[in-house]
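Heads up: the sequence lines are chains H and E, in that order. Residue numbers are given in the numbering used here: position 127 of the first sequence equals residue 127, and the series is strictly consecutive. Residue numbers are given in the numbering used here: position 91 of the second sequence equals residue 494, and the series is strictly consecutive.
Treat the hints as calculated values from the structure; they're not laboratory data. Careful, some of the hints might be misleading.
Selected chain E positions facing chain H (Cβ under 8 Å, derived; list incomplete) [stated by the list, open to error]:
| # | residue |
| --- | --- |
| 1 | Phe411 |
| 2 | Ile433 |
| 3 | Phe460 |
| 4 | Val462 |
This one's a predicted model, so the numbers in the text were calculated from it and none came from an experiment. Even for Gly, the Cβ is constructed at its ideal location relative to N, Cα and C.
As a plain string of letters, each chain reads:
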Amino acid sequence: MLDPINAIANWLQNLLSSWGLESGLVNFIMILIGVLVVAMTVLVLDILLVWVERKMVARFQDRLGPNRLGPFGLIQPIADVIKLLIKEDITPEGADKVLFNIAPVMALATVLIIWAVIPFAPTMLGASLNVGVLYIVAAGALGTLGILMAGWAAHNKYALVGAFRMVALVVSYEVPMVTALLVPVILARSMGLHDIVEAQAQGGWFILFSPVTALIFFVCTIAELGRAPFDLAEAESEIVAGYHIEYSGMKFGMFYAGELLHALTMGALIASLFLGGWHGPFVQQVPILGVVYLFIKAFFVYWMYTWVRYTVPRIRIDHMMSLNWKFFTPLALVMVIVTAILDKLMTGLPGWIYGLGMFSANVLVAVITINLLRTYSQKERQRVAEPRPVAQADLAKAPGSGD
Amino acid sequence: MVSNEWLFVGVFLLLAPVFPAAALLIPRLIAPRKPNPIKMQTYECGVETVGDTYIQFRVQYYIFALVFLIFDIELVFLFPWAVAFDVLPLFGVLVGVLFILILVAGLVYIWRKGALQWM
């Protein structure tokens, strides 16, 4: 009653067994159905995301957004899909046809495969891999390959430059991201996402234990997504559209869909790693509620991404690299060291002392970091403000500056 | 016998490209196809593209890729350490911290060398 998905699964399994099929085959069919259900749900959500994104952008920019087709413009994304389907598909001359066609498939598929390991509810999860975290990092790296393929195959300078930038960005921000991933793994003693969520359901959400790590992870995922302010790869004013410049019709649609779905996937990931995943009130009694909680949290993070995207201007590439290598990477390493040592020192203490200790250590690290940054920026401002000799001489000669 | 989890992931990995590929096949059937030489040209803001597309890329990208490679491999080594936290004595934890500090030393070296400066 309270767990409809598993009830349906059990009924289906019994039905298939009663037809006299082998147990191995029944198992395989069940897995196939499970994969189809997860993938189709995510893809339907993806179409809805186009509407969500456009509506949110509109609200941030004080517009109405799509509101003509259907209630609140909900049919708009379907019209968009139909438009993309009947558009002519252009392959520019000189393009590497094989890679040019594989790249859009890669762009969406690599995002889709991450959903295989995300736990939806206490009793509902695709695969409870014991190396789930590493699987996610690997899937993210495959996505980079798709981008590089697209940029290389299009035979366009803008596309190539966009792909270079994107790969440099994703590859760099992967370092603090993977480092930050170590903290939930240390706290949960497991690399499986299911175990990590389970640990949070029992001991408290990890964002309370390690808010600094959660922030690092959040910023790094924005860079991984290539969304503003880290959207150098598709900077309109410089390289027009970046790596998918030569794509048209449904192939462009695949990149667009992959990008939006990636944002929601990262939202679900942050929800699972730091915000307790499916954990919420009454979830043990009514497991189906877990799905609702997970998607509420995922969409909250997605909303944060959009908020940042339409608030912060684009960052220059040298600033971005400095931010990553000279700020986030050392900070993430410090967080791992602090968490590791504190965790070992506080084993056996009651949960609330443990949590309080972790939280205060985070606050301490944050305060020290902010003070270091303040000192540095003061020095930097002084250095910039110091008048250069030539400019000073000009100022003295300028009329009206004497009084 | 392969466990159910890995079978699920395997089926997922095989099926995931099928959905986008199917979506790409539909336009082949219903979309118009009228190529002409001007339409097929490489896009470059209206002007004809000059020179080779596959330009030499900056060595900077290569250096960052190298740094990433070193860091990512060392970080992957840390994951088993993090999982085995319950059975590790304090000494084991400190050894792990020492490993991270070696990593930090590498970062400081790269920093001092100026390889992190985007020029």
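Q | Minimum beta-carbon distance criterion (8 Å), Phe411 (chain E) to chain H | A | This hint holds: Phe411 (chain E) lies near chain H, its Cβ roughly 4 Å from the closest one there, short of 8 Å.
(Q) Ile433 (chain E) was flagged as interface toward chain H. Is the shortest Cβ-Cβ separation under 8 Å? (A) holds (6 Å)
Q. Can the hint on Phe460 (chain E) be confirmed by a CB-to-CB distance to chain H that is less than 8 Å?
A. Hint holds; Phe460 (chain E) Cβ to chain H Cβ min 6 Å, cut 8 Å.
Q: Mind checking the CB of Val462 (chain E) against every CB in chain H and telling me if the closest is under 8 Å?
A: Constraint on Val462 (chain E) not satisfied, violated at 12 Å.
Of the numbered hints given earlier, the model fails hint 4 alone.
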